[in-house]
Amino acid sequence: MKKRLKLLLPLLLVLASCVEDPVSYPNTWQGNFDALWNTIDTRYCYLDYKKVNWDSIKVVYQSKLNSVSDEFDFFDLMGEMLNELKDGHVNLYSDFDRSRYWNWFEDYPSNFQSDLIYSPRYLGSDYRISGGMRYGKIDGGSIGYMYYGDFSSTFTTVNLKFVFDYLSDCQGLILDVRDNGGGYLSSAETLASCFFNKKTLTGYMTHKLGNGHSDFSKPIAFYTERSDSLHWDKPVMVLTNRLSFSATNAFVSRMKYAPNATIVGDRTGGGGGLPLSNELPNGWLVRFSAVPMYDASMQHIEWGLDPDVKVDMSSTDAKTGRDTILERAIALLRVNRQF
Amino acid sequence: MHNAFWIALGLAVGWNSVVSAQQPKEKNYLLTSVTTQYGWSMLNLTDAYLSDLPYSGYGLQFNTTARRFATAKSDRISLRTDINLNAGLASNDPQSATFTYIGGNVGSGVQAHFKPIRNVQVLLGGVWDAEMGVKIYSREVNNAANIDLATNLNLSATLRYDLPLWKNHIRLQADVRSPLLGLMFVPVRGESYSEIYYLRSYENLVHFTSLHNKNGLNIRYLVQIPLKNSILNIGFQTDYLKYAANNMVFRRNIMSMQVGASCDLIQFGGRKNRAPAHFVSSEW
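Protein sequence lines, in the order shown, are assigned to chains A and B. Heads up: the first sequence begins at 1 in the working numbering, then just goes up one per residue. Heads up: the second sequence begins at 1001 in the working numbering, then just goes up one per residue.
Calculated from the structure, these hints are not laboratory results. Watch out, some of these pointers could steer you wrong.
[Claimed, not checked] Below are the SDA-like pairs computed for lysine to any residue, each with C-alpha atoms no more than 20 Å apart in a straight line:
1) A:Lys199 / B:Ser1201
2) A:Lys198 / B:Met1257
3) A:Lys51 / A:Lys199
4) A:Lys218 / B:Ile1196
Please build the complete structure, drawing on both the sequences and the hints.
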């Protein structure tokens, strides 16, 4: 018995020391640099997909660390390093600033002018507002128009029911999500479900299970169900531009599979990775894409989605009060009505 | 007449004594000893699902232990039930965010009593427990809370030393508990609770635990001072827990100063343990 105990006790001690302590970094510039680099190295989901050589980026920015003289310098350097990822979901938050990568829309035409939407030619000034949606009838009352500029601005099914009831005599609907930078994925799903007539596979997502750049779980399928209470079965044009980002990008990815939907405008901005965050020893917060989403054919949606009908706004049209993308959508709906 | 009264009273008392002496020996009723403690605690939390940084702060603690012997015939085996509740607020070192923590643990177990030497008792056994907690992160992020769920079979030991004093004694007690085997819920890093629910994504959520991935040691030291109708307890408790799953490490370290009391309750109920005839209750 004593012999067994002598064997058991060391075994218990060995087992008890199996759980390693989490890695901690000192609150120095070097420590914060290492913590930030390591967070991205182990948890950012697009290093392989974007072919980012994160090791060489470390060498480049490590060499610049010695030239840092104050916190602002250090923040800018870290922000610059994060911008190598070319990702609108990557930000560094401090008490005095927020780093961001905006080239994903700044390098492209804006393709949206809100003053045109609210001109008498389209919505005018007596449009209706329900939840986060602004809506009315255009083109002589034959087409419904709904502008939804923020998926964080929530709506209820009751809101949507009134919108659809009001527009029920229209022959088609234009759903404008230009300049919609995202918000809640649940709102994107709820809105998309109004345009499906049956449960449809619309995408996948995976999760990182390990520290390796490609240590992902097997894909988890997600579906868009047909909404039981709300349904729009007439043609719908979804207007997009580069600022249709994140949850809006996910909404458009779903709408690609809706039976009567056509995507019109510019390529969406992307933002296909669900963002998560981590903290640095100095209390700054880094946000980064952590959970990649794919369309139903397992293609990444990180770089955005091409429209079915590519249209850019014309400055000539804008000068005459015409929104080129919106006009094209109206024309497509008219064709649909066989005018 | 006056004498007759006193004679009659004397006979009545005497008869009653004879009758009482002829009654069978009264049944032993089990007492349940309840120790209830209130504490002020210092917390140290690491939850890699929410942040890699350690969080430290203060909180309040409540715990109660109820113990009774398994049978009235033997003082060798006792049954115990424990309830622990913790609540606290912790912040990271740079004070840029906080965790609000609420947690609880309910356990039930058996201990064998040994008396190796005079004034010393050693109680050894096991406790099965269920644990639940939630940490709410103050920062505006996608995954702003994490839930702890676990069930464990714990090794449990209690050491009691009765320090003799003039007419009474003070008891010094150490109560130790350590998880050996169990199951725990740990979400995949990056997977939100709404994804788990809506996508029915249940893989890698429930983990078998043993010493290879979960280490814990909960020690409560008590000094028990007998009073007229109860026992005053002054205590200190350390609750250390570390576990790993899904490429994340979690830590919880709670130290608390406690004050409380112990008292004995009579437990009865059902057909076997009916209330004794002389027992007065406000409920029955």
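Point to revise | 20 Å limit on alpha-carbon distance, applied to hinted pair Lys198 of chain A and Met1257 of chain B | key: violated, 60 Å
Exercise for review: Compare the distance between the alpha carbons of Lys199 of chain A and Ser1201 of chain B with 20 Å, and conclude whether the hinted pair is satisfied.
Suggested key: Holds: Lys199 of chain A and Ser1201 of chain B sit about 18 Å apart, inside 20 Å.
Review point. Between Lys218 of chain A and Ile1196 of chain B, is the straight-line Cα distance small enough, at 20 Å or below?
Key: holds, 15 Å
Review point. Does the alpha-carbon distance linking Lys51 of chain A and Lys199 of chain A stay inside the 20 Å limit?
Key: Violated. Lys51 of chain A to Lys199 of chain A sits at ~35 Å, over the 20 Å cutoff.
In the structure shown, a violation is registered for the earlier hints numbered 2 and 3, in ascending order.
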